[in-house]
Amino acid sequence: MPISYDPEMVELKWRQRWAERRTNCVDIYGAERPYYNLMMFPYPSAEGLHVGNVFAFVGSDIHGRYRRLQGWDVFEPIGFDAFGIHSENYALKVNTHPANLIPANIARFREQLQRTGLMVNWDHALATTDPAYYKWTQWIFLKLYEAGHAVKKEAPVNWCPECKTVLANEQVVDGYCERHPGTRVHQRYLSQWFFTITKFAERLLENLKTLDWSESTRTMQANWIGRSEGAELIFETPSGTRIPVYTTRPDTVFGATYLVLAPEHPLVEEMTASEQQAEVGRYRRQAIQKDVVTRKVGDREKTGVFTGTYARNPATGEAVPIWIADYVLMEYGTGAIMAVPAHDERDYEFAEKFGLEIRRVVAPTGGPDPMGETDQVEADGADGLPFISWDGVLVNSGQFDGMSCAEAVVAITEWLDSQASGKSQVQYRLHDWCISRQRYWGPPIPIIYCEKCGNVPVPERDLPVLLPEIDDFRPDESGLSPLARHEEWYRVECPQCGDLGSRETDVSDTFLDSSWYYLRYPSTGKDDCAFDAELSRRWLPVDSYIGGNEHAVLHLMYSRYITMVLHDLGLLEFDEPFTRFRAHGTIVKDGAKMSKSRGNVVVPDEYIAKWGADTFRMYLMFLGPYLEGGDFRDEGIAGIRRFLDRVWALSARVGPASGAMDRAAVRKLHQTIKKVSDDIEGLHYNTAISALMEFSNTLRAGSSGDAGANPQLLRPLIIMLAPFAPHFAEECWERIGRGGSVHDASWPTFEEELARADQIEVVVQVNGRVRARLRVSPGISQEEVLGRALNDDGVRRFVGGRQIRKTIHVQDRLVNIVV
RNA sequence: GCCCGGGUGGUGGAAUCGGUAGACACAAGGGACUUAAAAUCCCUUGGGGGCAACCCCGUGCGGGUUCGACUCCCGCCCCGGGCACCA
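Residue numbers (our numbering): 713 to 1531.
Derived by calculation from the structure, the hints in this document are not laboratory data. C-beta: ideal position from N, C-alpha, C; glycine also. Certain hints may be false.
[As the list claims (entries may be wrong)] Now the in silico label distances, taken between C-beta atoms and shown as ranges: (1) N935 <-> T908: 18 to 28 Å; (2) Q1523 <-> S928: 30 to 40 Å; (3) P1076 <-> K1518: 42 to 52 Å; (4) H898 <-> P1076: 39 to 49 Å; (5) P1076 <-> Q1515: 50 to 60 Å; (6) G1311 <-> E1205: 50 to 60 Å; (7) R1365 <-> C1241: 55 to 65 Å; (8) L1192 <-> S951: 34 to 44 Å; (9) N1409 <-> D924: 27 to 37 Å.
Taking the hints into account, I'd like the entire structure generated from these sequences.
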């Protein structure tokens, strides 16, 4: 009686052997065919590893293991993104210092990850909280600072009263804090460090085209960068002040009947007539203090006030009133717009409300008389305004009347350019990256302020600037980091003049930690550089990166930016870090996202304990397409376990190697090799697994009785199973008497000859409906198929004596007879 | 509002350069084995009709193109994600 499959025993055994034999450790210096397989390192939460993590990692691990079986030297590292607001908030909640919490969390994660059977090289694990790591995070800040890419500026920031810190725009969800969905975010003005990512907008956008990335991710990045083409036009006041506005519709300038400045616009004061000062001042204060919710997300009822002054429309020469309104944002374009109410929804709404002139300058094309005749539009009840479409011709626009909008954009821009009152202009929505955090749990920003010398970077030899272990790490209302309460820490000598200076007390954004971790992995342990030049040359850029699309814009954009800057500084040979990126899907339970409040969270440990890691891995990969995600159901997992039990049984009674091989089984084998290889390549793991199931079903059907499975068929099955169920495959490999590790075997080769069927089914349709199926040899000619089809009783019944009008023949697939 | 995905049996999901819809699995029902149960193995399983060979209907809804549409086009509905007064 063969022993039954006991996952716990098998997995424990191989975990130990792999560790002893260093099976998962690649030769970091000598690898000949290096392949860098990266997964997104987790934040080590107190709750432990989430199924979402397991799903992500296993999918990446399968890819790495598959590449290894193809003969690559695969480097598969992992680390811990342990700094940041998540850790800190949790520490505050349980009232324990994060430095005491993190090591335990990491230990737990490590244990869980090891049980999952990832091919991780633990020698290269890292944690962003390790001074040996953040020393180099600070070093990167210094590099950017030296290059002029780190600048300090006063800026309105999102302030969360609950977190008591500024938030990145990305951390604000619909005007509420992402951490505290019930807390409105307010505006505050603080002096902060920014990285000048906007300077790289064009390059970040342009490079996207060359990257082998998930389409959805590239689209999101492109939208985030938000490039638009238009013109900057100048409206001049009688006193000679030039007010630049940005517009994407310079063709409509003749319809610009008023001007709007953002409330924060620096020219507001100058533009305000004395009799309007009180009202403007009131509106301004109100708008500036208004929290982000009401301003950006509220009911959006248009508000604004007239400044009492006018500027000259550069096209018409007319004086147009200058208003201020909060629907114009200071942070985009020039912070001022020309309002064309006839051709912009927002301007239209505003003009209607305040009784401003609405002048049509574009008529829809296709009307009976496109030259100013608007009956066509008025026919449907309204006057057709605002008319937003580009599909029109100019009217009321002087010498430009009759031009199409597209033509007019060019012509009018050139015309205004020749009068020095306009030029074409490209705009981006991307903002500079604010990296300052008024928090405790992060790497201190390595700057010292000196009365005499100004901002002085900490000399490299003094890195890292250690984060002191203070007890009162709780942020307060001051808006300053808790470090600002520790004079003994921030009081230091100025490295330049030796006078008493003070350290920057803000720490840096977690996204900075994670923007370069993949550069560090090959070089962990090196204390004389962030990343070793030779190792970087061998391993980077990353060959495959798989992760969630929730990081599509932030982490992935910042990583690209940092890489680009380091490249330009001559520190890296490449300027894009991730050659190939794939976004995996999300896994849901009972059709809903897993969350504690719903009580539908799947804890991986329980399932691994009950079913084993291999079954759990395979089930996660089987429940839906990897790139789309799927629904986790407890009932489904049994099917995978049954499958493994059957393969186990097959490998228990191996037949003689010399035994004759069933031709059909060999054919199925080669079809399976093809299918599984292609599917793994495209990350279609669910269908790869079903192909393996089909093949094992074939094998079982063919090995009934005592004959046993032919090892020449079984061996490739076990190899193909190895990426999915690494411990299980290893044990089967040993059971069928193979030496070494299955993970050092070679992926089976597909032979087309052997995969080809000698009998295939051709469908016979009459008028597009299936009426018969014929078994024929491949390559059969049209005449022969047709002849046989017309002899078929079923077909004859439907053709009857009728005239055949046409036949359609698809080689080896079908023939359609049209009567 | 705009930009991406996606809607297929009782369930998870297969199949899209237009060519056999429902692979694989779950659940369910029946049978074998067993003193019995579990496990295992075998069979059935989209809906409807027929004794049967077979026939009709069927991929969110409504049109269209085609010999032929889950697949392409037009117009909608619903679900998930992203962006959102960006001029």
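Now the hints, each set against the structure:
Checked against the hint of 18 to 28 Å, the C-beta distance between N935 and T908 comes to roughly 21 Å, which is consistent with it. Between Q1523 and S928 the beta carbon distance is about 36 Å. The supplied range of 30 to 40 Å therefore holds. Between P1076 and K1518, the C-beta spacing of about 45 Å keeps the proposed range 42 to 52 Å intact. Taken as a hint, the range 39 to 49 Å holds for the pair H898 and P1076, whose Cβ atoms sit roughly 44 Å apart.
At about 52 Å, the CB distance of P1076 to Q1515 agrees with the hint of 50 to 60 Å. Checked against the given bound of 50 to 60 Å, the beta carbons of G1311 and E1205, roughly 56 Å apart, stay inside it. Between R1365 and C1241 the beta carbons are some 56 Å apart, a value that agrees with the proposed interval 55 to 65 Å. Hint check: L1192 to S951, Cβ distance near 42 Å, so the stated range 34 to 44 Å holds.
Against the hinted window of 27 to 37 Å, the Cβ-Cβ separation of N1409 and D924 comes to about 35 Å, which satisfies the hint.
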